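Q: First to last, the sequence lines map onto chains R and V. To convert, count from 1 in the first sequence and add 10; that's the numbering used here. To convert, count from 1 in the second sequence and add 1; that's the numbering used here.
No lab work stands behind these hints: they were computed from the structure. A portion of the hints provided could be inaccurate.
Unchecked claim - Restricting the straight-line Cα-Cα distance to at most 27 angstroms, the calculated cross-link-like pairs of lysine-lysine (DSS-like) are: (1) R:K70 - V:K31; (2) V:K11 - R:K175; (3) V:K11 - R:K178; (4) V:K11 - R:K124; (5) V:K31 - R:K67.
Said to hold, decoys possible - From the structure, some residues in chain V lie toward chain R, with a derived Cβ separation under 10 angstroms: (6) E9; (7) V10; (8) L13; (9) T15; (10) P22; (11) R29; (12) E33; (13) I34; (14) L38.
Just so you know, these numbers come straight off a predicted model, no measurement behind them. Glycine is no exception: its CB is placed at the ideal position from the N, C-alpha and C atoms.
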Amino acid sequence: MEPTNERHLLEALASGDRRAAERLVDETYRQVFASLVRLTGGDTEAAADLTQETYRKAWKSLPSFRRRSQLTTWLYRIAYNTFLNSIRRPVLLQPIDEQQAVAIEDPDPDQAAKLQQRDVAERLRRAVIGLPEPLRFTISARFWGELAVEEIARQEQVTGAAIRKRLKLATSRLREALGEDAI
Amino acid sequence: MTQPTDREVKSLLTEVEIPEPPADLAARIKSEIPADLSSGRFEGTDLEVFDAPRRSPSRGWLIAASLVVAVGGGLIALRQMDQFQTPAGALESGVVASEAAASDAVAPESVQYRSPVDQSLDDAELETVLVEEIQLNEPLETRSSMEAKPDDSRLQEKSTPGPDVTSADKVVVDEVTAGQAELDEVSADRDRSDRTRVDQKTVASQDLPSPATRKVERSEPAPSRGPQPKLETPSEQPQPEAPGEQQTRARQRADSTGAFEKRQAAQPPQAPATVESTAVAAPAPVRESARLEDGAADRSFAGARAGSALAGSALADSALAGSVLAGSYQQVRSALSEGRWPAPEAIRRAEIVLGFGFGGPEAESKQESASPADRFTILVDELVEILERRQATESELEHLLRRSRALATELDGQPAVEELVVWIEQIGALVESAEER
Chain R
11 MEPTNERHLL EALASGDRRA AERLVDETYR QVFASLVRLT GGDTEAAADL TQETYRKAWK
71 SLPSFRRRSQ LTTWLYRIAY NTFLNSIRRP VLLQPIDEQQ AVAIEDPDPD QAAKLQQRDV
131 AERLRRAVIG LPEPLRFTIS ARFWGELAVE EIARQEQVTG AAIRKRLKLA TSRLREALGE
191 DAI
Chain V
2 MTQPTDREVK SLLTEVEIPE PPADLAARIK SEIPADLSSG RFEGTDLEVF DAPRRSPSRG
62 WLIAASLVVA VGGGLIALRQ MDQFQTPAGA LESGVVASEA AASDAVAPES VQYRSPVDQS
122 LDDAELETVL VEEIQLNEPL ETRSSMEAKP DDSRLQEKST PGPDVTSADK VVVDEVTAGQ
182 AELDEVSADR DRSDRTRVDQ KTVASQDLPS PATRKVERSE PAPSRGPQPK LETPSEQPQP
242 EAPGEQQTRA RQRADSTGAF EKRQAAQPPQ APATVESTAV AAPAPVRESA RLEDGAADRS
302 FAGARAGSAL AGSALADSAL AGSVLAGSYQ QVRSALSEGR WPAPEAIRRA EIVLGFGFGG
362 PEAESKQESA SPADRFTILV DELVEILERR QATESELEHL LRRSRALATE LDGQPAVEEL
422 VVWIEQIGAL VESAEER
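Modelling step: build the complete structure from the supplied sequences, incorporating the hints.
A: So, in structure tokens, the structure goes:
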């Protein structure tokens with residue numbers, strides 16, 4: 011979203027313009043949904059529910075938005091927190107138990123390579139979620155939220171260099187985590 | 002699989018295939034846009050599912066009220082426990098209850114001064130109260146006149162205005178006035194006897210007599226402190242100084258300590274109700290007051306105990322206090338009479354002070370610092386100090402003796418001061434004999 015457009019949009023939202031809110035949804039919900047799909051490991055239903063919940067919270071906190079960061083960054087932060095809350099509530103993300111998994115027939119038996127790739131992606135996702143908080147948000151916002159380093163720095167109220175250091179450290183940790191899992 | 006490189010990790014992070022969002026997702030989100038965006042309030046009910054349960058304001062008030070009730074209940078329970086643990090508190094509450102009840106029925110019965118020493122106290126409290134009592138001790142005439150005054154502050158404090166208070170007060174005043182007249186006779190007789198005894202003492206103590214001589218002198222009836230074999234009224238006995246005086250002083254002390262009942266019980270049966278016939282104003286109300294307290298204690302603990310064990314223990318404590326009070330005094334007195342130092346454990350200042358039963362005048366105003374009562378207390382303090390260390394210099398004893406004699410002369414041979422003088426002389430003899438050895 012262009013900064014000029016975003017400023018106009020925020021002014022319209024502040025005046026209570028409903029159409030401005032609908033425009034905001036149209037321009038951002040795909041990105042929010044995509045980040046949540048990555049965070050949830052490809053669970054589109056959960057991601058859709060979390061996207062809906064993210065916007066509920068956004069409407070509620072809109073009057074307190076201080077414009078320290080872009081709207082998309084702010085929305086990603088809400089989505090990220092919503093996801094973390096959801097994984098603390100096991101009701102929303104119920105793992106498929108073993109019997110259920112066996113009962114589901116694989117539609118394409120030749121896609122072993124794809125399964126292995128998904129397995130690696132899942133391990134990577136778990137490793138990201140297992141990182142300590144500053145690293146976890148930074149790397150998820152950079153790669154899953156597709157936010158710029160400077161934008162994350164503004165959101166975190168640190169310098170861009172600090173965010174780069176965090177990214178380097180987080181990548182190193184993830185590498186170690188994937189290597190241990192491989193052993 | 003070896004460890005992936007940083008580039009591989011980053012590519013893995015970005016290589017996630019993103020499916021298309023559900024078609025109705027945008028519509029669902031838009032349907033939940035609140036009507037008033039600035040306030041952030043939502044329409045619909047779906048949000049309630051995700052809202053954390055909020056604490057209602059009334060719940061906070063309930064918690065606060067519960068805390069207040071719990072703390073208050075605890076304090077009340079502690080207070081009740083304190084009252085049950087100390088019979089003094091129980092007795093006091095019982096007296097309050099009895100006074101409330103008695104004021105409705107017979108107002109004069111509540112018009113009694115009840116000394117706090119009547120209650121059982123621990124040693125420290127007892128000593129404090131006794132010293133205050135001694136210092137506040139008025140002559141019998143003064144006390145009687147105070148009790149006779151209907152506008153006395155103590156009378157006002159203790160009496161609860163009832164429907165017949167005026168007439169009832171009048172009855173009390175009449176009774177006390179009648180007693181006062183007879184009391185004056187007793188006092189006049191006592192004054193005469195005191196003067197006679199002072200003369201005898203002065204002659205006897207011109208040159209320090211030997212302990213044996215003093216022993217004989219002590220065996221004379223006048224300053225005798227032991228149990229009186231017989232009590233007679235002043236009218237029956239032409240020279241009533243010893244028994245009458247002792248009775249009067251005993252009455253006076255019993256008014257504040259409750260020890261009188263104990264002594265009466267210890268007396269032989271052939272000396273019975275002559276005390277009643279003396280019509281001394283102060284004693285009769287004392288017994289009435291004790292009866293009231295007894296009944297009040299019974300009523301107070303009626304629900305808390307099966308029998309009257311607690312009230313009995315409270316009264317037993319009072320009686321015990323009376324006997325203990327006389328104990329130290331008697332032990333020290335008998336030891337000195339026998340020409341030996343009293344045992345250290347027998348020396349208890351408060352009991353000795355009370356045992357003397359000083360009835361001298363108080364200071365007329367608060368500015369007057371050295372009233373006879375104060376001076377007597379100081380003298381007893383110094384005496385007790387000497388008794389405790391079992392040692393005294395000659396000059397110290399002479400100084401103490403001179404001041405005691407001066408006080409005795411000033412008070413026309415007040416018996417307690419006379420007794421003090423004798424004790425000092427006996428201690429002087431003890432010190433002399435020790436030096437000779």
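Q: For every hint, state whether the structure bears it out.
A: To see whether the hints hold, each was checked on the structure:
A distance of roughly 14 angstroms separates the Cα atoms of K70 (chain R) and K31 (chain V); the hinted pair therefore holds under the 27 angstroms criterion. Using a Cα cut-off of 27 angstroms, the hinted pair K11 (chain V) and K175 (chain R) holds, with the two alpha carbons roughly 15 angstroms apart. Between the alpha carbons of K11 (chain V) and K178 (chain R) the distance comes to roughly 10 angstroms, so the proposed pair stays at or under 27 angstroms and holds. At roughly 18 angstroms between alpha-carbon atoms, K11 (chain V) and K124 (chain R) fall within 27 angstroms of each other, so this suggested pair holds.
Distance check on the hinted pair: K31 (chain V) and K67 (chain R) sit about 13 angstroms apart at the alpha-carbon level, within 27 angstroms; holds. The interface hint given for E9 (chain V) is met, as the beta carbon of that residue sits about 8 angstroms from the closest beta carbon of chain R, less than 10 angstroms. Interface hint at V10 (chain V): satisfied, since its Cβ lies 5 angstroms from the closest Cβ of chain R, which is below the 10 angstroms cut-off. At a threshold of 10 angstroms, the smallest CB-CB gap from L13 (chain V) to chain R is about 5 angstroms, leaving the interface hint in force.
The restraint placing T15 (chain V) at the interface with chain R holds, with a minimum CB-CB distance near 6 angstroms, inside the 10 angstroms limit. Satisfaction of the interface hint for P22 (chain V) is found here, the shortest Cβ-Cβ separation to chain R being roughly 4 angstroms, below the 10 angstroms cut-off. With its C-beta approaching chain R no nearer than about 6 angstroms, R29 (chain V) sits inside the 10 angstroms limit, and its interface hint holds. Interface restraint check: E33 (chain V) against chain R, minimum CB-CB distance 6 angstroms, threshold 10 angstroms, status holds.
Among the interface hints, the one on I34 (chain V) holds; its C-beta lies about 5 angstroms from the nearest C-beta in chain R, closer than the 10 angstroms criterion. Hint status for L38 (chain V): holds, given a least beta-carbon distance of 5 angstroms to chain R, under 10 angstroms.
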